[in-house]
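Q: Between the sequences and the hints, there should be enough to build the whole structure, so can you do that?
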Amino acid sequence: MVTPGGYLDIEVVDDTGIFSYDSTFFGTSTTVRPGKTIAIIFQHETSTFYMFRGIIESITPHPASRTATIYAVDAFERFNRTTIIGLTSTGSATGGSNPTQSHLIVPTIGSTGSGSTGNPIAVILDTVGGFTSTQRSISEPGATLGWWAEYNVTALDALHTMEEHELRGRIFIDGQGRCVFHSSTHRNGTTSAYVVTSADFQDFGYNVSINSVVNSARVTVHSRNIPLSGTTEILGSMLVDTIPQLSTAAPTNAITLIIPFTQLGSNAPQVPRHRDGSSGTTGEWATRSTRDLTGTTYDPATITAFALAAAAMQVTITNTATSAVFITYPPGSADTKTTLYVYGNAPAYAALTTTTDDTASQASFGIRRATKDFNFFTTSSDGERVAAELVSSTFLNPRPTGAKLYIAATDTETRRQILTRELGDKITVTSPELNVTSKVYEIVGIEYSLTPEDGSDTVTYGFLQATWNLDTAS
Amino acid sequence: MGSFVIAAGAASPSGITATRYFPCPGHSHLGTATEADVQTLIRDTYTLGAFFVRVYSNGRNGDSTGRSRVNTANGAHSVSIPASTSGAFEDTANTNSLVTTDLLAAVIEITGSSGSVLISGIAFVLTASTNSTILAGSGATANNVSAGQTSDFYIAGVNSGSTTEANSQVTIRNTLTLAFMRIYVSTNTINTGTTTYKSRIDGADGSQSLSIGFGATGSFEDTTNSDVIANGSKLTYRIVTSGASGALGYNATHMRCVGSAPLMAASQETTEVFLGDAYQPIHGNIDDGNFDTNTRITLRTAVRVNQLFVRVTAHGVTAGVTVYARQNGASTALSVVIAQSTTGTFETTSTTLDYVAADSVNYFIDHGGGGGSISISIIAAGVAVQPVVYGILVDWNGDGDFADDNESITTRVLSARWRRGRDAES
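So the sequence lines, in the order shown, correspond to chains A and B. Okay, so the first sequence: first residue is 75 according to my numbering, each after it adds one. Okay, so the second sequence: first residue is 5 according to my numbering, each after it adds one.
I should point out that these hints are in silico values taken from the structure, not numbers from a laboratory. Glycine included, every Cβ here is placed at the ideal spot set by N, Cα and C. None of the hints are false.
The calculated label-pair distances, taken between Cβ atoms and stated as ranges, are:
hint: 1; chain 1: A; residue 1: 104; chain 2: B; residue 2: 306; range: 38 to 46 Å
hint: 2; chain 1: B; residue 1: 334; chain 2: A; residue 2: 90; range: 35 to 43 Å
hint: 3; chain 1: B; residue 1: 101; chain 2: A; residue 2: 267; range: 17 to 25 Å
Which stretches of chain B does chain A cover? Using the computed rule of at least three CB atoms under 8 Å from a CB of chain A, they are:
hint: 4; stretch: 393 to 402
hint: 5; stretch: 406 to 413
hint: 6; stretch: 417 to 426
A: Next up, the structure:
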């Protein structure tokens, strides 16, 4: 599924089939394929501006018209296609300690067990891969999370969760293809990057809909208190008949399994063992030797485990023997010997719900409720704060939304602004036609169109037009 | 972002025998011992880059040093000029950060006991996050305007002009905004009244204006008003001195120029009479010198020029005269031809000349080989805002760059649409 993040749609001349599947014009017969990096740059005076950087999603020749269409997407699509099985490292951008086995639910960062949104974003980007420190820009976060973990979600969903917890956070892909996170601090800033009046832009408009009204909020904070001891409950299990053979050398001398929790747990999970028919005690659950298909018994593998998320734990099994090792009996063995169990102690759980209403607004526009669930806030005060912000005076009455400012590179200044403005920048708009006077908006999206002034091989100039999608900045 | 060269030049400088301060941009004919006279008041945030000094001739028996000056202290730039050595001297390694209200100048420090040093060019590269630079007509020697006089001055080049406004006007071929108009009055013996100093656009008063009381000296600046200049406008400063006796002497005049690029203009107090070929600096003072190398500066930033403007006040040469923009010692196609017996303004805007950073540049007046003289008050090159050049690049071979053959598909693009945004409604 293509996400509604950034995209690039180019129509190119293709009178000789150079963009066709079998073309060798750009290299070998397999060169013209999706997946290649594509970028749009603008050079102005001594500066180079990256206006888009993404990955080609499709190349479609149109032989009849001697053209081809190249469609590309930005990193949002990659996030959408990357599943977070489990998060096992902290981010390099803002530091932090690695998860340890000391807590089943891994705190994001630091010895206090609390973290902030910037760090989880770094962790997600680390997990996705390819976003080095120069390919990310994470502003100082504002929200503090009581705990945080993700399992079996897309990176996109995980990033959206962080945006939501920041409430006024913004994650986007900039022109250089970097993943950028703006905290609420950034968005709440008032510095305007550009001041425009009607003489500067082609058009400016918005719509006013009753759908913009929020006069009721129901916010639930899912709190989990983590007990510090206890090892008697089954936290998770999995059938192990698909666990692969462990060889004696890397890279397959160790395997990592992600085991969903049956219930949330705390403490160090007990070392996984073969179930041996009876429950519970250390002695009965001692690690056992395994044997291969021929029935030969070897020394046990080293098995370690720690929790990595609210819904799963990570188990690593390392072959310390001199031969290949199977972690369990082959398929067809007794059920009691094909299941891997992890023991621990389940944490307390409480859902704290806050409801905020504005009856005056409801009398005028009916009840228009926003319902939010926040998994990683610990206290009810966080929910109260979010609810209060959702039902602030800004949202009690219909307001202009979906504002669009159309601007063309008709002179030096507009050209410079088109080249340099980025999402999150503030624009101060004066439009007498709409009785708008020095109103500050935030850029939340930019759409560009480029039409070369001529189609010759010498074309270097482009007519560039941008539509800035704006939202009220405060 | 914009990087522009700001320069002070003199086609025929006079020698200095002691440490002297120079304006930049402006006129480097003769320095002054009073730094305040030539300082430029900065009204934006800039990086002051490459520093260039052209020593026209050097008979001094001691070493000299050229420096940038910021707020009456030595800046980061310095060039060492050995005794009896002329030529070009550069500091391309050091920079200074300039912020609003900083005061900028240049200094040539002199040692030794005899001989003089002639400076024909001083330049810096000025870089701002916007297309912001400085337009200046400043000089180390004060221009004295008598009481009760109306004079119109050049916006760039020297600190002087004419009582005939047309002779001082230069045509702007860009859209720009001028602000922070400033004049530094070094002497003022006007006996009464208030002198006005104002911007002039197409022969009418602009928005910027200053009032200078009789006897008042020092810095006067309009920090409130600005002028938006349209393509094709003709610009001057105007000073209307009050009183019946005395004179007002001024050195530095300048404005912040935003939204486009400045002129590289050389001008002369009245007009300069040329009896033969002559080379001129790109900024500062035109004169009858005929020394190619001595009038050149090295740009150290790429510049696109798309206008050459010449004002001729008299033309008695028995042939056509051609004025050229020069590049590394060669005349270029950016030129204007002044037909025999014609006067007025001569301009070309149809030719574009791209200078690269390493180019050394000046103007050349080709007298045409005929007898007689021609009088020229202004030569100006309009610095164009560099066009946007776009590129659409594909890393076909996946090596992490776009530098391989055919990885630019720019020339094949018929249209492009793209979007950047969040993956969510705001």
